[in-house]
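**Student:** Here is what each chain is made of, one letter per residue.
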Amino acid sequence: MSQRTFSDYVADLDQFAGNLALTSRSFLKIERVTHHELRLRSYQTAHYLSASGVQRGDRVMVVATNSPEWVELLLGTLLIGAVLVPVDASSSAEVTMRFARETSPKIVFAGRNLHLDGADFATHFLDELGALVAGSPRTDPAFPLEQEWPAVIVFTSGTTADPKGVVLTHENILANVAGILARIDVGPDWRLLSVLPLSHMYEMSGSLSVLARGASIFYMPRVTPRAIVQSLGDYQINVMLAIPQLLSLMLERIQQTVQERGQAKLFQAALRIAGHLPFALRRVLFHSVLSQLGGHLRIVVTGGAPIPIDVATTWERMGVLMVQGYGLTETSPILSGNGLNDRRLDSAGRALDNVQLRIGEDGEIQAKGPSVFHGYWHDESATRAAFSEDGWFRTGDVGRLEDGWLFIQGRLKFVVVRSSGLKVFPEDVEVVAEKEPLIREICIVGLRDQKGESVLAVLVADGSDQVVNDAIARINARLEPFQHIDDWRRWPEGDFPRTRLLKVDRRQVEEWANTGGAVAPAKPGHFEAGEDPLVHVIRLSLDDPGAVINDSDRLADLGLDSLRRLTAISMLEEQLGISISDDVIAPETTVEELRRLAGEGSPAETALRAPRWPYWRWVRFVGNGLRETVLRGIVRIWVRVSVEGVEGLADFKGPALFIFNHSDDFDGPVVYHALPRKIRTRLAVATADDVLRDHKLLALLARVCFAGFSFARSEPYLPSLEYVGEMVDRGWNVLISPEGRLSTTGRLQPFKSGIGLLAVSLGVPVIPIKTIGLAGTVPLHAKWPKRRSRVTVRIGQPMCFGPRMNYDDVTEALYRAVEDL
Amino acid sequence: MIGIDLVSIGEFRRGLEIGGANLARRAFAEAAVPHREVEQLARTWAAKEAVHKPSDAPTHPLSGVMTSPDAPGLLLASLDEQRLAVSLSRTAEYVVAPVMRLEK
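If you read the sequences in order, they're chains A and B.
One point on numbering: in our numbering, the residue at position 3 of the first sequence is 3, and numbering is uninterrupted.
One point on numbering: in our numbering, the residue at position 27 of the second sequence is 27, and numbering is uninterrupted.
Just so you know, the hints here were simulated from the structure itself, not pulled from any lab data.
In this text the structure is predicted, and so the values were computed from the model without any measurement.
Take these hints with a grain of salt, some might be off.
[Said to hold, decoys possible] Estimated spans, in silico, between C-beta atoms of each pair:
(1) 89(B) <-> 104(A): 33 to 41 Å
(2) 104(A) <-> 6(B): 34 to 42 Å
(3) 6(B) <-> 805(A): 30 to 38 Å
(4) 6(B) <-> 514(A): 42 to 50 Å
(5) 745(A) <-> 89(B): 37 to 45 Å
(6) 449(A) <-> 6(B): 46 to 54 Å
[What the hints assert, rightly or not] Only part of the chain A face toward chain B is listed, based on derived beta-carbon distances under 10 Å:
(7) 537
(8) 540
(9) 544
(10) 571
[To be verified] Anything over 10 Å on all C-beta distances counts as not near chain B; from chain A, calculated:
(11) 316
(12) 344
(13) 454
(14) 476
(15) 647
(16) 682
(17) 691
(18) 800
Quick reminder that beta carbons are idealized off the backbone N, C-alpha and C, glycines included.
Chain B on its own, in the form it takes in the complex (with noise of 0.2 Å):
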């Protein structure tokens, strides 16, 4: 495991709500918010986080952070060269997010 995230879901809505299109699309490269669910992209955000934080890019776009779904509760992730696994699992408030790396 290389790296890991939580986010509180509620907490994630009031981004939303106050940041507005410009938050969702600056985080999730195409503005999906009206497409999504807001646990949805909780998830996806906590992935990203948990992906980006180790990396050597502190203040890298985390849309620069690509995630595919793969499984239920696992997303695939890459970011530059590197491709991760996110397993993703929540309760009623929170969402976490630990991160391997696949392969170099």
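Chain A extracted, bound-state conformation (with noise of 0.2 Å):
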């Protein structure tokens, strides 16, 4: 293995210097690190841990979703000889303080929603990292590392026990990747949307194998199954690491759609004949399907969890690679997997070149290899119980080998072992199960008695009991005698407790079976296919999840009160896409109405669906000798323009926000034109949509002529400031009116503070100007103008705001600004 620590690591990241790493998108701004900027933003980030008092071996902890600054902060703490400790963001604050107590690091780094009352360490956001490492040197520490120092302590999920800590040194880590990336050839136009948290081993190490060969990874703001399918598109998403669910759930979506375009059968005659061509056909011939996919995606390595079989089989025929492994956190986290062009979709793989397999008592999956963890943290019989007499490492999974493949059967711990001695695995249960359509979810544990234990189905299921006993009766029919369901009961919510892989507890729905004791709350922020995601958003508002719902209900019956009321809404927009106005939902609103409300609404308008043409380069060279030459005349007959100011632009490098007063509907124009050639051929004209929308002829003027965009005059706002933001980040300069509306008194009005937020997210010179003397040239609602006017346009000096700068404070500055030109 070429490199032994995180030094060479960060070291080789400039084997491919200019290849863009990382990409995500923080509110309106797009950031871009290419992979030599991670070198040494990671050297930056280290020099600063180090001055801030951290020593090998110190704690650093992490609380935060993916960002480039979580990359940076893993990759500089390690290069220091320091310890990451990495919590998912979703935990409470107190789980966080007590995987704090445990470690006692220095510094926690979090997200914006965690507030760790009485903590005892300093904290920091992590958003802040870029400004808090600005001032640190770029150079490499040159920190003497050991390969088997520790680099992180990952808590493990807690499927089985408590969360123990597992620490991975450098060695463990770079075994991995090196492990990994011998299996499956990552290339450097690899683009990867990460979906799973940095905190879970499978991403972490996925996203350093990417990395590693100079592909880009790109971060999404927020995970939910519209942004994942929104992003595919957008970052042009060719690979994705994802856990069974998704598959499963994305998987729903497409034949849900299929369904309603009536096309189900044409569909499953598709993938009967797909099962028969080679790759490149099978993607022409789902060309409709995966472009709603973005058109890219082509590769998915799944983890987590077995995936079904005909989910997996389903993803193939419609030509996107199904790449199945197989780890846990302790061995970094991969043990097998299958390779691109050898692989088995009903097998985990076979062993990575740098790992040993072997099948122990008890059909037990038994590991060695440099990947393999040395312990957990401060607990040593854990460690001990976790390894066997002769050194490998117990995976607490039963399963089989054939050839080298790996097939896994379930956890050692849930195998139900009858009195009779035969073992029922949960997972050959519930595969069958699964096939019956009323059976929403299903989780079979072992029911204890004194002479051994029954099978038991838990489930969350449609229908009356004799409907279910029905379905148990036909999913007997088809297994073998010994793994019959003995009996079942349903889950007393609408899903099962998760882990963060979204996992079945099994450990919790077992102890529920056989104790009757409470139910842990089912964690917020997802729901399964099936079910219905009204109710699942009403019942997460109300912080209630058995709430029983029924559509007859009024929301205010409920205790849906104003802020839960938009909670609900502003869910059902981020999980289905569905836009519905506040305004027409009351306290008396009934769930059938909502639910009639939600059936009607549109889809939310993204910024990143607007139309691309107009900003094509032979649009462009069309557009621009337009405006330069005929609608300059035509300006030119009616307006007189004198320019103050311009010479302050002299050294201006875009892109910068032009902000005007609106006094006149001929100001865009008159601006656009008094603005230096080399700033007006890359400016685009924020346009109110409602014109856009109304005038065709004039939206296509607009839009050729002048770069413009669609800018709404209401709410949602929104999309338009993210669509400024994107407009910036490909370096164009945006002419925006801050007022919103035309002055119809020639005063400037108050302006949206929305030029604020945009000032201050984007970073970028604002430019005010004034135009005076134009007001009544072409009034409110004329056609043509009315009458000749001279008029001058004031150029002010560009003026720049710093990140923590009070938006509101920037709105009146700017305000100001342009009053007093």
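Combine the two chains into a complex, taking the hints into account.
**Tutor:** What follows is the structure in structure tokens.
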């Protein structure tokens, strides 16, 4: 292995110096980091941590969603021999404090929503890491690292016991990266969408592997099904690391859409045909389906749980390669995996080249190799129990090896052992049971009695008890006699408790079945395929997973006050992409009415769906030509313009926001032509959405000649603000009137605070401009100029604002700047 | 005094966590979450609710209530043509916002 420690790993990033490494969208701003920049920022972070008193072996905790800063913190921490303790961003403050007490971090980097009361360590917001390290050297700290030093402490998800801190060394992680890369030929053209938390080793090692080969990773501000589908297209994603649940959910959405379009039979026929076609032709056959997923997705690497064979087969027949792997946090995490050209959908693949696997007593999978951990954090007895006497790691999973291929059967701990001694693997029964449509979720557990265990099915199911009994009989008919379900019970909530990777927390279900104990609340934020999403969001809004909700219930009677009503419709928008106006939801609104409104709701608009063609090179060539000749001539007929202050833009380097007072419908073209040519050839005009929508010819003219784009004058504003961010990111200057509407009095109207938000969030200069003498040339609602005017256009000095400034204050400052011109 | 509202900061924080940026955008017009603390947003929410409740339009979007800071603990608010003042005070868990009309 060429990389012994992370010092080598970070230095090697420069092999792909100019390649894009990390991209994230943080509110309005898109951030891109190259491999070279990632290396330098990691060095800066290392120096900063060192200067903050973090020494070799000290712990640095991170509790935040994925971002470039997260990766920089990981690498920076490891570069000085410190240990990163990643905690899932959705963890409660209580859980986080528990992990903090166990690991005593020197510094905690957290997301904005986390409040750690009474903490006795330094806390920073992770999104401020860039500002914190800004003054630190961008040179290799050259700290002498040893490969056996601890690198991270990752807490297990606790499906089988309380979370334990898994200590992984530099060698463990880098050995796994090397093993993964030997199995899967990652290329620099890979564009990976990050959907799993970096606090999980599956995502962390996967990310490190991808970066090691010069590929790119894209982060979303919020991981929802809608955001994933949108990002697949926006970022031209061709690879995903995903858990089976996500793939099942996406597939179900596809099948629903096909059903709604009346193409179910055609879809099934195409799937059958595709089984006989090479991959390239499958992608042609399913072009319309794949294009809804962006059209570029080619490879999905799955892990975290076995993928149902029918789900994997359907994806493969649509032309998306499914590569399944297997591992545990303790093994950094991958032990076995399929290759791109050597794979079986029913297997977890072969052992990685640097991993040895064997099947031990009771069929347990055991592993050896440099990626296997050495012990749990401060837990010697658990460490001893994790290894066999001859030093093999006991995975706790049961499986079999056939010609080197690994087949997983389930967790040893959850095997149901009948009084006869016969063993039933819950997963074997569940795979059969899941084919019953009325069973939405099933978890097989052992029900203990004095003789042994019997097979209990815990269900989330529709229908009466008799209907479920009939379904159980059908399932049993497909099972071996010793596997038969002996009894069943309904789970009292809409979904089972789940781990971070959405696996059913079998331990909790088993405890419930055997003790009748209390049920832990379901984790918010996810709904499963088949669940009524409206009921789901209402329950979440009420913070009551077991709430009984009928269609005739009024929202007020359910306990949905104004905050909870708004929370519910915001979640519907986020999860389903359905926009419902909040002014039609009242306390008296019933669930049935809300369901109807959701059905009628328009798909939530997103900025990135705006047309791209106005920015094509040849359209700009034609548009610029028309504007500089015909339109410029027309403007000169009606307006004689004198420009003041243009010399202040002599050294101007864009992109920037240009703001002006909106005193006349002619002011856009006038201001446009008052600016120097080098600016206006890359100047896009924010144009009122209603104008572009209602006046087709004007819209065409605005888009072609002025690179115009739609900007909302009323709610929702956010997509428009995001689009301005997108334009600035692409290097465009943006011309915008912060008043929002034409001033009918000639006086400057208050600015919408969105302009302050843009200035602060985007961090680009804002140039104030004022037109004097133009009002009345093309008055409101006039189609043609009413008089000739002499106009003065005054251009102010560029204004810059810091990222932490209050945007209301910035809005006010910009207002004063325009007014004072 | 024409209205009053009491907001639990903990409940408001949870609403923001699960309602996400969409909730903030609907309530505060410009999705200010990344730039403001939860307590600050809870204060603004309480002010908007207090102004909104006695208005004639029970389903008026909250983002239609505009607020701006005045003195510490005091917000100026406007809804349609009305100008109002909201006095804000808080305990560890709650924000209370009584609202007074300044002029017609």
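**Student:** A separate judgement is required for each hint: does it hold in the structure or not?
**Tutor:** Checked hints:
Separation of residue 89(B) from residue 104(A) is about 38 Å and conforms to the stated range, judged on CB atoms against 33 to 41 Å. Taken as a hint, the range 34 to 42 Å holds for the pair residue 104(A) and residue 6(B), whose Cβ atoms sit roughly 39 Å apart. Under the hint 30 to 38 Å, the C-beta atoms of residue 6(B) and residue 805(A), about 31 Å apart, fit the expected range. About 44 Å separates the C-beta atoms of residue 6(B) and residue 514(A), a value consistent with the hinted range of 42 to 50 Å.
In this structure the supplied range 37 to 45 Å holds for residue 745(A) paired with residue 89(B), their Cβ-Cβ distance being about 38 Å. At roughly 53 Å, the beta carbons of residue 449(A) and residue 6(B) sit within the given window of 46 to 54 Å. Interface hint status for residue 537(A): upheld, as the beta-carbon distance to the closest one in chain B is roughly 8 Å, under 10 Å. Nearest Cβ of chain B to the Cβ of residue 540(A): about 6 Å, under the 10 Å cut. The hint holds.
A cut of 10 Å between beta carbons decides the hint on residue 544(A): the least distance to chain B is about 12 Å, and the hint is violated. For residue 571(A), the interface hint holds, the least distance from its beta-carbon to any beta-carbon of chain B being 6 Å, beneath 10 Å. Residue-level check passed: residue 316(A) sits 34 Å from the nearest beta carbon of chain B, beyond 10 Å. With 10 Å as the threshold on Cβ separation, the claim that residue 344(A) sits away from chain B holds: the shortest Cβ distance comes to roughly 40 Å.
Interface exclusion of residue 454(A) from chain B stands, the closest Cβ pair being 39 Å apart, more than 10 Å. The claim that residue 476(A) is not at the interface with chain B holds, since no C-beta of that chain comes within 10 Å of its own (minimum 40 Å). Every Cβ of chain B is farther than 10 Å from the Cβ of residue 647(A); the closest lies at roughly 34 Å, confirming the non-interface assignment. Every beta carbon of chain B lies more than 10 Å from that of residue 682(A), the smallest distance being close to 26 Å; the non-interface claim holds.
Even its closest Cβ contact with chain B, about 21 Å, leaves residue 691(A) beyond 10 Å, as expected for a residue assigned away from the interface. Every CB of chain B is more than 10 Å from the CB of residue 800(A) (nearest about 17 Å), matching its label as outside the interface.
Of the numbered hints listed earlier, the single one contradicted by the structure is hint 9.
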